[in-house]
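J.: Here are the chains, one letter per residue:
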Amino acid sequence: MRAISLLVIAAAASQLGSTDCGDHAIKDDGFDLWCGDTLCDWKIERGMIQDVPTWHAGDHGVALVGDDVAIEQVSPVASSDGTCIELDLMANVDANVDAVLNVDVFDDGVIDLVEHLPTGTWAPTTFQMRMPDNYAGVRFEIAKTGTGNAELANIGATVLKTGGCLGQPAMQIANRPLAVPCDDSAQCASGMCAPNPVISPESASDVCVACGSNSCGSGDVCGASRPVSPLRGDPIECIAAASVPLAGQCASDADCASGICKSHMCSTCRSDADCGSGETCDVAWTDSDTFIDFAPYECAPGARRRASGEPCVTNNDCQSGQCDGTSLSTCWDGRSCATAADCPYSELDQTTCTLVGVQGGSCH
Amino acid sequence: MFRGLAIAMCLLCGIARADDSIATYAIVVGSNAGGPGQAELRYAEDDARKVAQVLTELGGYSPAQVDVVVHPTPDQLRARLAELESHVAADVAAGRQARVFFYYSGHARAQAIDLGNGDLPLTELRERLFKLPATLTVVVLDACQSGAFSRIKGAVPAADFSFSSRQHLDAAGIAVLASSSGSELSQESEQLHGSYFTHNLLVGLRGAGDANNDGQVTIDEAYRYAYNQTLLETAETAVGGQHVTFEADLKGHGEVPLSFPRAASAAVVLPPAMQGKALVSDHRQRAVVAEIYKAKGSPVRIALAPGEYDVLVRDGDTLAHCDVVAPGTVDLATCRRESIVTSATKGGGFLHPYRIELGAGVGSEHHDAYTTNLTNFGYSEDSSMSSSTLQVTALRQIDRHVYVGAQLARSSMPDWSKGITGTAPLMEELTWSATTFGVVGRAMWPFKSAPRADFGLYAQGMLGAGIGISDVRETTGKLDGQSNFGFAASGGAGLYIDLIWGVGVLAGYEYDYAPVVKDLIGNTHAVGGNRITAALSLAF
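Chains Y and S, in that order, give the protein sequences.
Convert by adding 25 to the 1-based position in the first sequence; the result is the number in the numbering used here.
Convert by adding 2 to the 1-based position in the second sequence; the result is the number in the numbering used here.
One should not assume that every hint holds.
The following label-pair restraints were derived from C-beta to C-beta distances [what the hints assert, rightly or not]:
#: 1; chain 1: S; residue 1: 386; chain 2: Y; residue 2: 277; range: 34 to 44 angstroms
#: 2; chain 1: S; residue 1: 384; chain 2: Y; residue 2: 82; range: 56 to 66 angstroms
#: 3; chain 1: S; residue 1: 369; chain 2: Y; residue 2: 380; range: 51 to 61 angstroms
#: 4; chain 1: S; residue 1: 377; chain 2: Y; residue 2: 188; range: 45 to 55 angstroms
#: 5; chain 1: Y; residue 1: 352; chain 2: S; residue 2: 482; range: 27 to 37 angstroms
#: 6; chain 1: S; residue 1: 377; chain 2: Y; residue 2: 82; range: 14 to 24 angstroms
Among the chain S residues that face chain Y by a calculated CB cut under 7 angstroms, a handful are [to be verified]:
#: 7; residue: 378
#: 8; residue: 422
#: 9; residue: 423
#: 10; residue: 425
#: 11; residue: 426
#: 12; residue: 474
#: 13; residue: 478
#: 14; residue: 484
#: 15; residue: 521
#: 16; residue: 522
#: 17; residue: 523
Some chain S residues flagged as far from chain Y (calculated, every beta-carbon gap over 12 angstroms) [what the hints assert, rightly or not]:
#: 18; residue: 128
#: 19; residue: 277
#: 20; residue: 536
Honestly, the hints are just simulated from the structure, not real lab data.
By construction, the Cβ of each residue, glycine as well, lies at the ideal position given by its N, Cα and C atoms.
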């Protein structure tokens, strides 16, 4: 039980987007890591970029080539890391160029802050941003318009643990999307801020939700939907009752086709009492095998006891050795994924997406 | 004029020190100080002390009779002379004979001796010494243009020395030995740690001048020896040959012995088989006590205080190192022999005119626009490292205190690095260095000489050019380097110790400045800063 609690606490921290990454808020803040002709850790939104030397032939920078160029990087930095972010920019920007740093808190596509980069030759610029008291994830976008030269050597985004941003008011972010932290309902686009029912039930953190206990229509329940961003957890919105298959994430029993939501995963048992003689109710896969902390519970997992047609999550559950269903890969928090890009962050890197079994399966 | 020289005074024959009927007085004056425009001498006062030592050891003077006067004022010297005059007058009144020895080493001009704090006219000095009622007065002057002391009277320096004192045995009166003619400069020698003239005079008095091997050195033997040796040695110097002059107004019978080396309790004997230029030095004090040319065939006895002595004998291209304890005879069989590098023998009289030094320095590195820029670009300095320098310096002595030469130095600065987080985390590390080459000027002032070491201060400056190299290396192994050129300069000071065999140590402070590292933006880094330096030196 103790182990479970620790896992839950860790999961809660992750769900909030905590980076536990020290001072750095983004990767490759010096534009030094190049994978061929493109930056390894920055995404090109539009236009072209080029690797250029800065103060020394051996020090890399990025040139934004063209009239309309933008690169971006999503950072998992969160309020648990700190609420003051300092940016130390080194840029070489021509006077006929408008270069900006856009800050999109929560990575919801809405630019919340625009900082214009000063023109000049490698003049250092430093500014600080007072983030909202409760935030998780930021998308940094550097954009350039104009025909002149714009080169960047450093962005140096660091979270100041103490001091900094003195006298600055916190950014006010309204119309927040689902599954992001909130302090009151007015901050949410849905108009509802409620305790987070998924993954982190022990956390006091509230998130924007789309529904309440009695606000969904007939046949629907207020449950956990699929995450839309690695920075956020499951959105809480109206979904069809009993629509989440075995081994899917859930907020309550009503979400699950199996009727049992244990440890936020749709399961086939809640305790040993739900199992047959000599069987125990246990997780289908353990974190020691997969580094996945959240898994569905089933009776006698991997014991090849399930007969044909009985629910299963791995082939080893079945007497036939074959579990029919949709192949399932999950992130460490149990969310299903196609690639690591769907998974939450650990520090500044996204965690792995691991093939674990079958979702909504039944024995052959 | 020297034919009028008479040497002997029977009263003095056979060491008169025990004869109460003869009063002996010596005033030995040394003054390093110079007058306006004159550099301070280094060994004049030491020479005076050495003369006093020989007078007491070998000349028959008791220490109480030898008045050593160091750095006096003119009035102080007059007072000593007046005191001497009264003593001599009293002796004469009491029916005793008196002999007087006056020695002066210091600066002089044609009209006066310069005591640094005033002049004493030569005419006055001469008049007072010549009027002394002593039976015999010997005056020895070791000063520039000291021959003018005789020229006042119309004396002519000896262009040649050919008289035989044995023909003039009857003498009482006054004799004057001067280190140079009225127009010449008298010179000191770094190698001898004294003036050429006084050194040779003392070596002669210790026995090397005993031409007839009768156990005593007469004034004409001393003059002959000092004249020849001084002229021989100074002919090799930049100033040129120095001619010892001699004036005498003596009458009577017998020779005038100045020293009695055979009567000395201890002596070093150079054996008959020895041949070559011999340098005898006190092993403990590292002071040269004799430098003579020893011909094969007869022994040479040099009276010295008991103790250990080193004897270096150069014969052709061979140098023999011999150890001897006085009293004793050099045992040639035990001497260590080695070949001489002939090119290292000249050098204007400097003992070790060349120096090679290998040094190192550590200290703080300049922080300037270049390093500020590094910080702006995300780099951090490795605070565990200090800036360090390795340097090789070659110097040649051109003056007593001045060296010039060249220096090659390489400075390494603390690394700067930047950690890069991301898909493939790596480190970028800046390693940089500067290599400079320039001309060096150095002044060295010794302030203390110990038996086996000389201590002193030095100050030096360097001006030259250099190349700065900055490499940015990634942990992947990728390397990009840049090179730049610029001028370089440094200045510093410190202490040095020159030990035996030319080995020494220097330690001091240095400030380096070499703007030879540049970045692509236009910032320049002046390599260097404050340094604590240390070096090993080899002088030869």
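J.: Would the hint on residue 423 of chain S stand, with a C-beta cut-off of 7 angstroms toward chain Y?
T.: Since the shortest Cβ distance to chain Y is 5 angstroms, the answer is holds.
J.: Using 7 angstroms as the Cβ threshold, decide whether residue 521 of chain S counts as touching chain Y.
T.: Given a least distance of 5 angstroms, the restraint on residue 521 of chain S holds.
J.: May I ask you to test the interface hint for residue 378 of chain S with respect to chain Y, counting a Cβ-Cβ separation under 7 angstroms as satisfied?
T.: Constraint on residue 378 of chain S satisfied, holds at 4 angstroms.
J.: For the range 34 to 44 angstroms, tell me whether the beta carbons of residue 386 of chain S and residue 277 of chain Y fit it or not.
T.: violated (57 angstroms)
J.: Can residue 484 of chain S be said to touch chain Y, with a Cβ gap under 7 angstroms?
T.: holds (6 angstroms)
J.: Does the CB of residue 478 of chain S sit less than 7 angstroms away from some CB of chain Y?
T.: violated (10 angstroms)
J.: Return the status of the interface hint for residue 422 of chain S: holds when the least beta-carbon distance to chain Y is below 7 angstroms, violated otherwise.
T.: Because about 5 angstroms separates residue 422 of chain S from the closest Cβ in chain Y, which is inside the 7 angstroms limit, the hint holds.
J.: Starting from the hint 51 to 61 angstroms, judge whether the C-beta atoms of residue 369 of chain S and residue 380 of chain Y obey it.
T.: holds (54 angstroms)
J.: Beyond 12 angstroms from every chain Y Cβ: check whether that's true for residue 536 of chain S.
T.: Residue 536 of chain S is indeed farther than 12 angstroms from all Cβ atoms of chain Y, at 33 angstroms.
J.: At the C-beta level, are residue 352 of chain Y and residue 482 of chain S separated by a distance inside 27 to 37 angstroms?
T.: violated (47 angstroms)
J.: Non-interface claim for residue 128 of chain S: all C-beta distances to chain Y beyond 12 angstroms?
T.: holds (80 angstroms)
J.: Cβ-Cβ distance between residue 377 of chain S and residue 82 of chain Y: within 14 to 24 angstroms?
T.: For residue 82 of chain Y against residue 377 of chain S, whose Cβ atoms are near 19 angstroms apart, the range 14 to 24 angstroms holds.
Checked against the numbered hints above, the structure breaks hints 1, 2, 4, 5 and 13 and satisfies the rest.
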